Every structure is written in C-alpha cells, then in structure tokens.
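*Asks:* Protein chains in written order, with our numbering: chain R, 1 to 112; chain H, 1 to 111.
Incorrect hints may appear among the rest.
Only pairs whose alpha carbons sit at most 27 Å apart, straight line, appear in this in silico BS3-like list of lysine-lysine [what the hints assert, rightly or not]:
no. : chain 1 : residue 1 : chain 2 : residue 2
1   : H       : K56       : H       : K68
2   : R       : K44       : H       : K108
3   : R       : K44       : H       : K98
The hints are simulated quantities; they were obtained by calculation from the structure and are not laboratory data. The structure displayed is predicted, hence computed values, not measured ones.
If you want the building blocks of each chain, they are given just below.
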Amino acid sequence: EAGVAQSPRYKIIEKRQSVAFWCNPISGHATLYWYQQILGQGPKLLIQFQNNGVVDDSQLPKDRFSAERLKGVDSTLKIQPAKLEDSAVYLCASGRSGDTQYFGPGTRLTVL
Amino acid sequence: GEDVEQSLFLSVREGDSSVINCTYTDSSSTYLYWYKQEPGAGLQLLTYIFSNMDMKQDQRLTVLLNKKDKHLSLRIADTQTGDSAIYFCAEKTSGTYKYIFGTGTRLKVLA
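Here chain H stands alone, though its shape is the one from the complex (with noise of 0.2 Å):
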C-alpha cells in the first residue's frame, strides 16, 4: 500500500542545520517533493527530485534520496526563524498524478 512516514517535530536554533527526514512505500514513485506550509496558508512548493535522482540542492536546500531504503531527507542550511513551519513530504505513483501526503514535521526555529 501507500504510506508516506515524518516525523512530527523537530526544533532547532538559528543558524544550525535542519535535517527532517520522509519514509515513503510505494517502490514505483516518480517524484518526491517537500512542501512548506505556514500558519494559515497553503502549501508552498519548496523543492523536487526525480526517482532517478541521488541529491537536488536549491540555494539553502538538500534533497537526498535513498531509493533503495525509500528514504527521502530535505536539509536546510543556516535556519532561520522565517523557516519555523510544517514541512510535507509527498510522493506521486508513476503513471498517475495521485500525490500521497505524509502527516508533516513542525519545524520550530529557536532564536
């Protein structure tokens, strides 16, 4: 079946790396993505990576993917306190555009 698996807090202090980490299930999923949410609003897209993929950086942002132990980690360089939000992993199936959700990891940013 389907099950996409996060951790549910994390708290680091300013300027510290972050690291939250997603176990997924589904060996045939094309993309993996992680997704921001904030108090009251939507999700933001943050980043993606291909299953062919080993590691995608974006600025402050490291996506690694352990296809073999379906392990997907995002890491985020010098956090800051405008990083402080929920952090989604979510997984498409190959062939569909059905996106599976994990529960989300509450960042909390100490100053």
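Here chain R stands alone, though its shape is the one from the complex (with noise of 0.2 Å):
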C-alpha cells in the first residue's frame, strides 16, 4: 500500500510571496489532515477533512491559509501571502476511520 504523497519536499520562498502544498493521501482514506509543525514542537492541527468537508478548521488562519479537497481525494494547501513565522515543516495525514492517522514526509518551508 503506498502512503501519504506530498509535494514538494522543501521550499523556500521570500516574505509575502504566495505558496502551495499537495497532499495525496492513502486510497480509501475518507479522513485528510493538514498539520503545521514548528522547529522543536509537536504538530499542530490546521484543518481536517471528512471526504471533501472541512470538519474542524478553527486552527487555520483563515486570512492567509486556504485548503481544499476537491473530490474528496486529493488535497492542496495554500498561503498568501507568507510570513516569517510561517516557517515550519507542514504534514499531511490520511485515516480511514479517524481512529489512527498516517502521515506523509512534510514539506519544509523556509520562509525569508
């Protein structure tokens, strides 16, 4: 079974530029999480979908961050614009039932 697929790997961009992240998760997972992971913390829950419905995004700052799952399979992240402390590792994770939770690589994202 292949796992949680996410582009691209790193990523550096400067203050207010634009960027996106993509998220394939597992075949047959209902469930898609975008998490921010900050230098020396654990992750933090962005936003989280049931097929393609947000079921909880009251992390997401919803000013500058966007996701979508168009039909209910894959899904993208977005930021615009960025800030320096948008500098983080940002995962992606896929659950069939919401009882566990599998993760992708992350994208790294440096942001100057």
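Using the hints, put the two chains back together into the complex; each one sits in its own frame.
*Replies:* Written out as structure tokens, the structure is:
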C-alpha cells in the first residue's frame, strides 16, 4: 500500500509571496489532515477534511491560509501572503476511520 | 482544556530499556498514541492504546496507561541506535477526529 505523498519536499520563498502544497492520501482514506510543525514543537492541526467536507478548521489562519479537497481525494494547502512565522514543516496525514492516521514526509517551508 | 506534556530529552545506552513519559489533561480521551519522527521525516505510528486498557505490548514496545493519573508511558526494550528519534504522544478526544500532540521527547541512544 502506497503511503501519503506530499510535494514539494522543500520550498524557500520570500515573505509576502504565495506558496501551495499538495497531498495525495492513502487510497480509500476518507479523513485528511493538514498540520503545521514548528521546529521543536509537536504538530498543530490546521484543518481536517472528511471526504471533501471540512470537519475542523478552527486553528487555520483564514486571512492567509486556505485549503481544499476537491473530489474527496487530493488536497492542496495555500498560504497567501506568507509571513516569516509560517516557516515550518507542513504535514499531511490521512486515516480510514479517524481512529488512526498516517503521515506523509512533510514539506519544509522556509520564509525569508 | 486540552494539553499533552512530555519531557524534552532522554539519553540511554544501547541495550538498556528506555521509558518515555507523557501526561494529558483531557479525561474524555479515547485513544492514546505514540509516534516516532526521524530527522527530515513525517511521523510514524508506533502503537496506540484504547482508554479502557491498562497495558499493550507489541514486540519491544510496551505501553502503560494510568487513566486515574492521566499518565501514559512507552517502554522500549533493548534500545538500539536506530531508535534514536523524537517520540510524540497524542490523544484523541471522544466524539471527534481531533488529535492533540505533545511537544515530543528526543531519545538519544549511546553506543
């Protein structure tokens, strides 16, 4: 079974630029999560999808972050415009039932 | 509120046992998890325990849950250098799909 795929693996941008991350979950997994992991901290949930509907986006900074999961499979997370404090690893995870989740390798974002 | 705490560092000698501890605050947690993160990688699910269990063993890993004290531990027997990583505990609240992660414990195994 293929794991969760994410791209790109690394991204360096300047502040005020835009950036987008892509996630392809494990086949058949209805639940998809985006997390932000700042260096030295645990992952913090940004948004959670169940199929193509949003379950929880309470910690998503909606003035600059957006996410979508069209057709209930792949998902994209966008930051526009980026700030220095957005430098982090962005992790995507998926799960079948919500009792377990499996993580992708993450995208490391550096904002200069 | 929801909070998960872990000690930051643990250092052990190869072949010894490691015990990583975690405390949580949400008494309605139904599942508690241990994840391993190696440098530059995502989180790998190691094991999890349902809240009505006290203990779960899986090869070299033993999870102990003290629900009264809201304390979770992960014991790694015969620790190897390949076990060096950051270990995160996480809880999932009943009725939601929301996971709360601790800050992680960096395990260093000395040869």
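*Asks:* It remains to establish, for every hint, whether it holds in the given structure.
*Replies:* Taking the hints in turn, this is what the structure says about them:
no., hint, verdict
1, H:K56 <-> H:K68, "17 Å, holds"
2, R:K44 <-> H:K108, "24 Å, holds"
3, R:K44 <-> H:K98, "10 Å, holds"
Against the hints set out earlier in the document, no violation occurs for any number.
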